[in-house]
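Peer 1: Based on the hints, put chain B in the right spot on chain A.
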Amino acid sequence: MKLDNEAPANSNHAPDSEFDYLVPGPARDAALAGHPLTLDEQMLQTDGIHMAHSLVSRGIRFRKYGVAFVCTPRIGKTWAIDALIAMLKVDNPNMPVFSTEAMQHDDPTEKALWTDILSSVGHLKGGTAAEQKAVLRDLIVSSAQMHDEKLVVMFVDEAQNWGSRHWRYIKGLVNLLRNRPYRIRVLVVSFGQSHLLRVREEITTLSDGGEDLLARFLRNIQEFPAIQNADELKGILAQMDDPELTEYPDHSGVCYTRFFMPLAYAAGWRLESHYKDIWKAFGAVRKNKGQVTMLHLMNLLRELFFTGQDGAEFTVSLPMWKKALSETYEEQDA
Amino acid sequence: MTLAIREGLTYSPRWFDQQEGPYTYLAKLAIANRTSLTTLLAAIFGVRGSSASSTLRTHSLTCVEDRWMKRGGRATAGSIAQSLSQRTLSDVFGDRAGEFASDEHFRYCSPCLDRGFQSPLCQLDALVRCPVHHAPILQVCRACQAPTGRYAFDSAFLQKLRCTNCGKPLGRAWDDDGLMRWPVTLDTSAYGTLATSLRQVKRTTWLDSRGWDDHFDLLPVADKRVANLGLALHALDLPISQCSLHPALAGGVDDLVRVEAYRSTPQSPAGKVEEVFRDLWGQLIERAGGIKRLLDALRNETFKAVGSRRMVEWVGSDDRKTLATFLWCIRFGHWSDFTKVHVRKHAMPWAKDADLSRDDWTRLFLLAFKAEERFAGKWCSMTSHLSRQSIEWRQLVAQYADVLRSGHAQSTAVIAIATLDHEGSENSGRVKLAYGMGSSYFPL
Chain A
1 MKLDNEAPAN
11 SNHAPDSEFD
21 YLVPGPARDA
31 ALAGHPLTLD
41 EQMLQTDGIH
51 MAHSLVSRGI
61 RFRKYGVAFV
71 CTPRIGKTWA
81 IDALIAMLKV
91 DNPNMPVFST
101 EAMQHDDPTE
111 KALWTDILSS
121 VGHLKGGTAA
131 EQKAVLRDLI
141 VSSAQMHDEK
151 LVVMFVDEAQ
161 NWGSRHWRYI
171 KGLVNLLRNR
181 PYRIRVLVVS
191 FGQSHLLRVR
201 EEITTLSDGG
211 EDLLARFLRN
221 IQEFPAIQNA
231 DELKGILAQM
241 DDPELTEYPD
251 HSGVCYTRFF
261 MPLAYAAGWR
271 LESHYKDIWK
281 AFGAVRKNKG
291 QVTMLHLMNL
301 LRELFFTGQD
311 GAEFTVSLPM
321 WKKALSETYE
331 EQDA
Chain B
1001 MTLAIREGLT
1011 YSPRWFDQQE
1021 GPYTYLAKLA
1031 IANRTSLTTL
1041 LAAIFGVRGS
1051 SASSTLRTHS
1061 LTCVEDRWMK
1071 RGGRATAGSI
1081 AQSLSQRTLS
1091 DVFGDRAGEF
1101 ASDEHFRYCS
1111 PCLDRGFQSP
1121 LCQLDALVRC
1131 PVHHAPILQV
1141 CRACQAPTGR
1151 YAFDSAFLQK
1161 LRCTNCGKPL
1171 GRAWDDDGLM
1181 RWPVTLDTSA
1191 YGTLATSLRQ
1201 VKRTTWLDSR
1211 GWDDHFDLLP
1221 VADKRVANLG
1231 LALHALDLPI
1241 SQCSLHPALA
1251 GGVDDLVRVE
1261 AYRSTPQSPA
1271 GKVEEVFRDL
1281 WGQLIERAGG
1291 IKRLLDALRN
1301 ETFKAVGSRR
1311 MVEWVGSDDR
1321 KTLATFLWCI
1331 RFGHWSDFTK
1341 VHVRKHAMPW
1351 AKDADLSRDD
1361 WTRLFLLAFK
1371 AEERFAGKWC
1381 SMTSHLSRQS
1391 IEWRQLVAQY
1401 ADVLRSGHAQ
1411 STAVIAIATL
1421 DHEGSENSGR
1431 VKLAYGMGSS
1441 YFPL
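In the order they appear, the protein sequences are chains A and B.
Numbers 1 to 334, taken from my numbering, label the letters of the first sequence in order.
Numbers 1001 to 1444, taken from my numbering, label the letters of the second sequence in order.
These aren't lab readings, by the way, just hints derived from the structure by calculation.
Worth double-checking, as some hints may not be accurate.
Unchecked claim - With the C-beta cut set under 7 Å, the calculated list includes, among others, these residues of chain A facing chain B:
id, residue
1, Val97
2, Phe98
3, Val121
4, Gly122
5, Leu124
6, Gly127
7, Ala129
8, Val135
9, Asp138
10, Met146
11, Asp148
12, Asn179
13, Pro181
14, Gly283
15, Val285
Claimed, not checked - Some chain B residues flagged as far from chain A (calculated, every beta-carbon gap over 10 Å):
id, residue
16, Leu1009
17, His1105
18, His1133
19, Gln1145
20, Asp1177
21, Met1180
22, Thr1196
For clarity, every value in this text was computed on a predicted model and none was experimentally measured.
Here a beta-carbon is modelled for each residue, glycine too, at the ideal position from N, C-alpha and C.
Next up, chain A with everything else stripped away, as it sits in the complex (with noise of 0.2 Å):
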């Protein structure tokens, strides 16, 4: 069958005949795998994020100490910080972010604190506490040297595993780096679940210094909110839609929506005329006080993508919708 896959007359893309992954064989399948839907590394921008977005820059901008957001299980913390990471290279590509998983430990002792964060940002050091907490001062102050910047961004993914004393650590570091000769100070932005406004209510009541680190790191903790409306859902199939936004491979100007379905794509079906039946769709989940999070709809995306069959007719009824979710909805909740 003749691919007839052609770009809108108002875009100048290449001609198709370029575009060897939009065809089934080896070079599609070799994009294919290096997808960022298939390797779950897409940057889609929400409202949440636009949110968190302003208030890191907010952040950055009063040179503040700590921002912190609660989430729900599985809405995405770690997209978001991705989204958000890339965002701030945006702003300032020159500013040093890193982020960081705090884990849990049974002794959550001070040097596996420095082992995680080091470990995180593929540093191979071992050694004793104090050890790694210098070999991460100057791996900080080497970052900002780098990029004669004075200020590096620390994203704390599952921060909720942190309790008092790992902040109390993070407080003598940043308190370090801030005084001469580094002059240097560290925003450190915390997503975890809302177990982490039981640790702040730990730190309230602490009675040496849980002010300080409350004020410090977590005394504003946003809710980092999932898809809240049909309207903010259509802005992100939109995307999906927009080469300018979603651009698969580089320089190609294939959106997500023409790489995997290209036939109807050029037939003129688009993401984005589906916004109020994939709403609908996930009606059920909101009536049971489910959200609607970024990891389901991408999931939802994905079950409709690789087994959609591609054609100039190509459609999807909101039974399907409902019947795709169902299936993706419980698979990743299993």
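Peer 2: Quick look at chain B alone, frame taken from chain A:
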């Protein structure tokens, strides 16, 4: 991630200058990563920990050569390893780094080391001043004058950046907050220029040994390294500013005899050489005459200038460099071979009343040059218009030199070296060296 991290190590390219040597390079990595040299080498080269550890425990790996980089690891892998390999003295001098540079002490320029920078060229004994700051190259602690440690990797690697006597850091970049001073903001291009010139040494076939030169043999090893660089400068005609080099190399003809060892042994043949070097052309002759072995071997014998099967032949040439090369060879290169040459008296090769041809002048000069002054004088006196009373043989030589200088030498028969093959042969490097040396010593 935009962190200063590479290959699992804290690493900022801004810490390192392009001209920085491997010692401070690795020291910075070891300090920033709070790691031992063993662990560091394992991370960079993949050397097995126990192997590297045992090596460092039992050996001190000289940093002058780059063999330490190839101990069972992946010397070519990783950007840090590659960067290191371009910072060694071996990258400049090839396998001959040890003939020019020393690992006896860590040598440094104070202002450079304050900024965390040390060029591997500081290890050249001949480099006495930093080409960037013109500060002296030190191998002692600035505070207490205690000698610095070896320029070698061993278990005391990092401690060498602090004085082992008074404990003070050798430079401000090595104190507790030294990392803040590491980003090199120096203009080290002078080191780069020097290294670029010296790289010619690596590309040149070199004389295998200087065992034939007893003056050289008398030198302490440090002076030998200075002298070796002197040879290189002359032989390769390197465009190197002399202001940073050892005073012995700053002059022209009499460079090597300024090496301290020569001055300190006035009774030695070398001292004799120094003594006779004071006047250029007179020195030139007397220098040959000052060499006892040559004198003893040839005195009272007739110089066999023609037909030596080993050394020289007369050829028609107008190449002044060839002559200079010959002179250098009989003075320095192969003079001991003259002791084996059967010499015989032979008659004055021109008629008493003849006008001397340039060939004759050449022979006369050589006779004089080879300390056969008796014959030179005799021939001069036998030649009617060269009465010895009016023209001293030294003047003859000077006149000969003037002839060559005057530009009328095109048809002069001079000397080539039979045993040194022409350009392109396996000995071409020796020929080039001899050419360079001859031109420097005997600026005809």
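Peer 1: It remains to establish, for every hint, whether it holds in the given structure.
Peer 2: Results for each hint:
no.: 1; hint: Val97; in the structure: holds (6 Å)
no.: 2; hint: Phe98; in the structure: holds (5 Å)
no.: 3; hint: Val121; in the structure: holds (6 Å)
no.: 4; hint: Gly122; in the structure: holds (6 Å)
no.: 5; hint: Leu124; in the structure: holds (4 Å)
no.: 6; hint: Gly127; in the structure: holds (6 Å)
no.: 7; hint: Ala129; in the structure: violated (11 Å)
no.: 8; hint: Val135; in the structure: holds (5 Å)
no.: 9; hint: Asp138; in the structure: holds (5 Å)
no.: 10; hint: Met146; in the structure: holds (5 Å)
no.: 11; hint: Asp148; in the structure: violated (9 Å)
no.: 12; hint: Asn179; in the structure: violated (11 Å)
no.: 13; hint: Pro181; in the structure: holds (5 Å)
no.: 14; hint: Gly283; in the structure: violated (40 Å)
no.: 15; hint: Val285; in the structure: violated (35 Å)
no.: 16; hint: Leu1009; in the structure: violated (7 Å)
no.: 17; hint: His1105; in the structure: holds (29 Å)
no.: 18; hint: His1133; in the structure: holds (24 Å)
no.: 19; hint: Gln1145; in the structure: holds (30 Å)
no.: 20; hint: Asp1177; in the structure: violated (5 Å)
no.: 21; hint: Met1180; in the structure: violated (5 Å)
no.: 22; hint: Thr1196; in the structure: holds (28 Å)
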